[in-house]
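Colleague: Chain by chain, the residues run as shown.
There are 2 protein chains.
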Amino acid sequence: MSAFPSLKTRMAEISHLEMASAVLNWDQRTYMPARGAESRAKQLATLAKLAHELFVEQKTQDLLAAAEAEAAGVDADSDQRAYLRVARRHMDKSVKVPTSLVIENTEVCSLAREVWAKSRQDNDYASFAPWLDRILHLKRQYAHALGIPKDGCLYDVLLDDYEEGMTVRTLDPVFTDLKTHTIPLVAAINAHADRVSNELLTRDYDESAQAEFSLAVIQELGFDLSRGRLDKTVHPFCTNFATNDVRITTRYEKNWLPGALFGCLHEMGHAFYEMGINPDYESTPLANGVSLGVHESQSRLWENLVGRSHAFWQRYFPRLQQTFPKQLGHESVESFYRAINRVTPSFIRVEADEITYNLHIILRFEMEQDLLNEKLSAKDAPAAWNAKMQQSLGLVPPTDREGILQDVHWSGGGIGYFPTYTLGNVLASQLFAAARRAMPSLDSDIRTGIYSPLREWLRTNVHHHGKKYPPATLIQRATGKPLSTDDYIAYLKVKYTAIYRL
Amino acid sequence: MSAFPSLKTRMAEISHLEMASAVLNWDQRTYMPARGAESRAKQLATLAKLAHELFVEQKTQDLLAAAEAEAAGVDADSDQRAYLRVARRHMDKSVKVPTSLVIENTEVCSLAREVWAKSRQDNDYASFAPWLDRILHLKRQYAHALGIPKDGCLYDVLLDDYEEGMTVRTLDPVFTDLKTHTIPLVAAINAHADRVSNELLTRDYDESAQAEFSLAVIQELGFDLSRGRLDKTVHPFCTNFATNDVRITTRYEKNWLPGALFGCLHEMGHAFYEMGINPDYESTPLANGVSLGVHESQSRLWENLVGRSHAFWQRYFPRLQQTFPKQLGHESVESFYRAINRVTPSFIRVEADEITYNLHIILRFEMEQDLLNEKLSAKDAPAAWNAKMQQSLGLVPPTDREGILQDVHWSGGGIGYFPTYTLGNVLASQLFAAARRAMPSLDSDIRTGIYSPLREWLRTNVHHHGKKYPPATLIQRATGKPLSTDDYIAYLKVKYTAIYRL
Numbered sequence: 005m006s007a008f009p010s011l012k013t014r015m016a017e018i019s020h021l022e023m024a025s026a027v028l029n030w031d032q033r034t035y036m037p038a039r040g041a042e043s044r045a046k047q048l049a050t051l052a053k054l055a056h057e058l059f060v061e062q063k064t065q066d067l068l069a070a071a072e073a074e075a076a077g078v079d080a081d082s083d084q085r086a087y088l089r090v091a092r093r094h095m096d097k098s099v100k101v102p103t104s105l106v107i108e109n110t111e112v113c114s115l116a117r118e119v120w121a122k123s124r125q126d127n128d129y130a131s132f133a134p135w136l137d138r139i140l141h142l143k144r145q146y147a148h149a150l151g152i153p154k155d156g157c158l159y160d161v162l163l164d165d166y167e168e169g170m171t172v173r174t175l176d177p178v179f180t181d182l183k184t185h186t187i188p189l190v191a192a193i194n195a196h197a198d199r200v201s202n203e204l205l206t207r208d209y210d211e212s213a214q215a216e217f218s219l220a221v222i223q224e225l226g227f228d229l230s231r232g233r234l235d236k237t238v239h240p241f242c243t244n245f246a247t248n249d250v251r252i253t254t255r256y257e258k259n260w261l262p263g264a265l266f267g268c269l270h271e272m273g274h275a276f277y278e279m280g281i282n283p284d285y286e287s288t289p290l291a292n293g294v295s296l297g298v299h300e301s302q303s304r305l306w307e308n309l310v311g312r313s314h315a316f317w318q319r320y321f322p323r324l325q326q327t328f329p330k331q332l333g334h335e336s337v338e339s340f341y342r343a344i345n346r347v348t349p350s351f352i353r354v355e356a357d358e359i360t361y362n363l364h365i366i367l368r369f370e371m372e373q374d375l376l377n378e379k380l381s382a383k384d385a386p387a388a389w390n391a392k393m394q395q396s397l398g399l400v401p402p403t404d405r406e407g408i409l410q411d412v413h414w415s416g417g418g419i420g421y422f423p424t425y426t427l428g429n430v431l432a433s434q435l436f437a438a439a440r441r442a443m444p445s446l447d448s449d450i451r452t453g454i455y456s457p458l459r460e461w462l463r464t465n466v467h468h469h470g471k472k473y474p475p476a477t478l479i480q481r482a483t484g485k486p487l488s489t490d491d492y493i494a495y496l497k498v499k500y501t502a503i504y505r506l
Numbered sequence: 005m006s007a008f009p010s011l012k013t014r015m016a017e018i019s020h021l022e023m024a025s026a027v028l029n030w031d032q033r034t035y036m037p038a039r040g041a042e043s044r045a046k047q048l049a050t051l052a053k054l055a056h057e058l059f060v061e062q063k064t065q066d067l068l069a070a071a072e073a074e075a076a077g078v079d080a081d082s083d084q085r086a087y088l089r090v091a092r093r094h095m096d097k098s099v100k101v102p103t104s105l106v107i108e109n110t111e112v113c114s115l116a117r118e119v120w121a122k123s124r125q126d127n128d129y130a131s132f133a134p135w136l137d138r139i140l141h142l143k144r145q146y147a148h149a150l151g152i153p154k155d156g157c158l159y160d161v162l163l164d165d166y167e168e169g170m171t172v173r174t175l176d177p178v179f180t181d182l183k184t185h186t187i188p189l190v191a192a193i194n195a196h197a198d199r200v201s202n203e204l205l206t207r208d209y210d211e212s213a214q215a216e217f218s219l220a221v222i223q224e225l226g227f228d229l230s231r232g233r234l235d236k237t238v239h240p241f242c243t244n245f246a247t248n249d250v251r252i253t254t255r256y257e258k259n260w261l262p263g264a265l266f267g268c269l270h271e272m273g274h275a276f277y278e279m280g281i282n283p284d285y286e287s288t289p290l291a292n293g294v295s296l297g298v299h300e301s302q303s304r305l306w307e308n309l310v311g312r313s314h315a316f317w318q319r320y321f322p323r324l325q326q327t328f329p330k331q332l333g334h335e336s337v338e339s340f341y342r343a344i345n346r347v348t349p350s351f352i353r354v355e356a357d358e359i360t361y362n363l364h365i366i367l368r369f370e371m372e373q374d375l376l377n378e379k380l381s382a383k384d385a386p387a388a389w390n391a392k393m394q395q396s397l398g399l400v401p402p403t404d405r406e407g408i409l410q411d412v413h414w415s416g417g418g419i420g421y422f423p424t425y426t427l428g429n430v431l432a433s434q435l436f437a438a439a440r441r442a443m444p445s446l447d448s449d450i451r452t453g454i455y456s457p458l459r460e461w462l463r464t465n466v467h468h469h470g471k472k473y474p475p476a477t478l479i480q481r482a483t484g485k486p487l488s489t490d491d492y493i494a495y496l497k498v499k500y501t502a503i504y505r506l
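Chain order of the listed sequences is A and B.
With the first letter of the first sequence counted as 1, position 150 gets the number 154 in the numbering used here; the numbers rise by one all the way through.
With the first letter of the second sequence counted as 1, position 94 gets the number 98 in the numbering used here; the numbers rise by one all the way through.
Because the hints were derived from the structure by calculation, they are not lab data.
Glycine included, every Cβ here is placed at the ideal spot set by N, Cα and C.
Among the hints, erroneous ones may be present.
What the hints assert, rightly or not - Examples of chain B residues toward chain A, derived with CB under 7 angstroms:
1) M23
2) L28
3) T50
4) R89
As the list claims (entries may be wrong) - These stretches of chain B come out as covered by chain A in the derived footprint (C-beta under 8 angstroms, 3 or more residues):
5) 220 to 233
6) 427 to 433
Generate the whole structure from the sequences, applying the supplied hints.
Modeller: Here you go:
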């Protein structure tokens, strides 16, 4: 008897439990009545517990070991070997972390999220600080349990959960490079801030008209409603229950048109990834995007490289004018294009433009390392935050609420997560440049509404592989080179030099 | 160490898996993109398999046996004893059914539902027939696995899943009684069919105005949106994931006002039951309504005894007129009351009036027995359906879509389910008569919009108990007598003699 089919059956059950959890989470964030929360938490806890137990129990470990022994002679590039590699990676991580630490982490993070929500609301960082300390302490224990690589650091262990193989050593030059090139660019833009206004985006835009327009656009771009949905939530997200069932959400703001518009394109990019994965990988460890950074590259590519391009709006601006004749009837595509690409230093990461966004991320990346390495205490973190903001963006948040308390991530234990956002930006440009080399007509295609070649290129080179290749291998295969900021920096310089006539 | 707490922990996990399945089912019927069906079937199959395995595994059986031994001296009327009685009933059924049959049943039914939806839409019974055959075959296997009682029949085994203790032997005289009294009543009404018109219900009623009115009414009657939702589906239903998370659905037809209106009241009645169950029973075998018949009594009570009463519309007709001034502005509450109570033989069960409704059920009850007993093949079923319709209602459906394809039940494996609808009609009248004896002001309360006394009476006498008492015991306690058609037949005769001036 071959062990691999039995392992696959077992792993498929675990995957089904995880997908069921995803449905329950989606429902909780879209449609669940408020008072359903207490029971929902118990249902989710049970699903997570059963999935974990099924995975780490001796029988699964034995099946995995036996399947590995069987596969010794199998082609190293086969799906089978990739399956076992990913399963092993997950197993090794799961068995090394003591259950007591997992439980404590879940409990602390659950409480910390509530403390954070209240402290943010009350602008009371002091009450959150001890919880941040506890989380940092747990993260250090976690990293030590998994084992810190000889040539690496504690932060590398956390990074690896979100971006396999990524290290501080790889990230540092990338981020330094970005700072070197974007800080002067932002300064130059600031000196001519008056050249671009975004007032036209802040007019009254009816919510249901926004929804209708956004949905029509993403459908034309290829979002297939027989395989996905768009719903409304407070915090937009993408989730998937199968390659043929991928859900995205958005929020609508009456006086901020880009929110829903680019939010939809962003989540659509995530959705295309999940919809494009090899259907043979369904219910296996190879399903799902390979890393957060690569995932974010797909959302950013559609949101920014396509969605904030001049070519795209040559096609869509006339339609947007038809949807909002009173608000946009007398505007030009040029002024709309400039408005949606306005650059301005601001306090809030999620509202930042393409260029300054990365400075928000780098700040967090630096602070996370200092906090983890105990060079900085949680107590002193707000002062450090504000000093860094002053340095990189020339601003100091008037309150912690608009500073260190703005993001949910740390309170939920998400340390090492932020860098993947900027990795996504960098990779989006690197992939887009590779796509353009393969398809010289790409820009004119975008202008004329031909999106399937780009979609197909991404599907073939990125989506299809799921988790088969580690991120670095995937990027090398798709773009012919390792992670590099060249394409991204060139893109930013060309685009914004033109917009701001620098 | 006491076994009962450990049993409860284990049973709570099983309940959480079942509630997760309910969420996945709800999603499949409300919002899931069409092509998600295949993966969803697998996810549901895994959840059902794991719940079944957890329940029937030796450890659970041992815990149940130990808990039973511990409880020997405990008050027979206690929740603990009721818990163990219900768990034992379920266990005895579960251990007899092979896991493979449970899995096959879940998968087949999930796919069959999709086939049914399409075949109904396309009026293409032929594509559904082989699925009905598969389902019937599985049901026969199931009944034989459980064991057919010596003094009973195969159909009794299926009935007992929906209505504990119910048998063909008990149902036959109830149904005969109904036929005896209602066929002449329908004949007398038919002779004066021209005395009631429902034309006013077939005017153009805007869907969103219907939705707004229906939602406002059920909220006034006590449907709490912090504990429930109303959504739109092809086939209306009620489901629950917790006493504080109960979902109902309806459908809107532009030229048939009663569809959504009474559909909402009907599902609201089901929802009140689930929302009213003792919160201590959450995640235990005592949660949920005790049987489908008792459940249906709650929906029918609000839909018909309240919703189709003259008293109710004295309050709500003026508001309905305000919602639809063009359509109803010149109508009287009297003509509206008569219209919504028009009796006329028709094709569609869910649109049938109170009297002929039961003839639809009796048709299905008879066909299910013939199909199960292989006196009738799935292939020949549409012809048999049409012949029976001709016999009992004097009509032949022009298409299968208006005939055998109209209901979702068989496609979901619900065979033995239909009789509980008529049981519900009978019990609704029996309970309403008991409530009226306890609250002489009931009719004037309904007229003046005071609904909480009726809601509370039902909660105290029916809802609160969950599955604590078997249906027959519950009915005896609540009404002072066993199941009886007396109140129902008296109600129908008085009401319709007046409406039709017989």
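Colleague: Next step is simple, just say for each hint if it's right about the structure.
Modeller: Hint check results:
The beta carbon of M23(B) comes within 5 angstroms of a beta carbon in chain A, closer than 7 angstroms, and the hint placing it at the interface holds. Among the interface hints, the one on L28(B) holds; its C-beta lies about 5 angstroms from the nearest C-beta in chain A, closer than the 7 angstroms criterion. Hint status for T50(B): holds, given a least beta-carbon distance of 4 angstroms to chain A, under 7 angstroms. Taken as an interface hint, R89(B) does not check out: its beta carbon lies about 24 angstroms from the nearest beta carbon of chain A, beyond 7 angstroms.
Counting residues of the region 220 to 233 of chain B whose CB lies closer than 8 angstroms to any CB of chain A gives 5, which reaches the minimum of 3, so the coverage claim holds. Evaluation of the coverage hint for the region 427 to 433 of chain B: breached, as 0 residues show C-beta separations to chain A shorter than 8 angstroms, against a requirement of three.
When held up to the earlier numbered hints, the structure conflicts with 4, 6 and fits the remainder.
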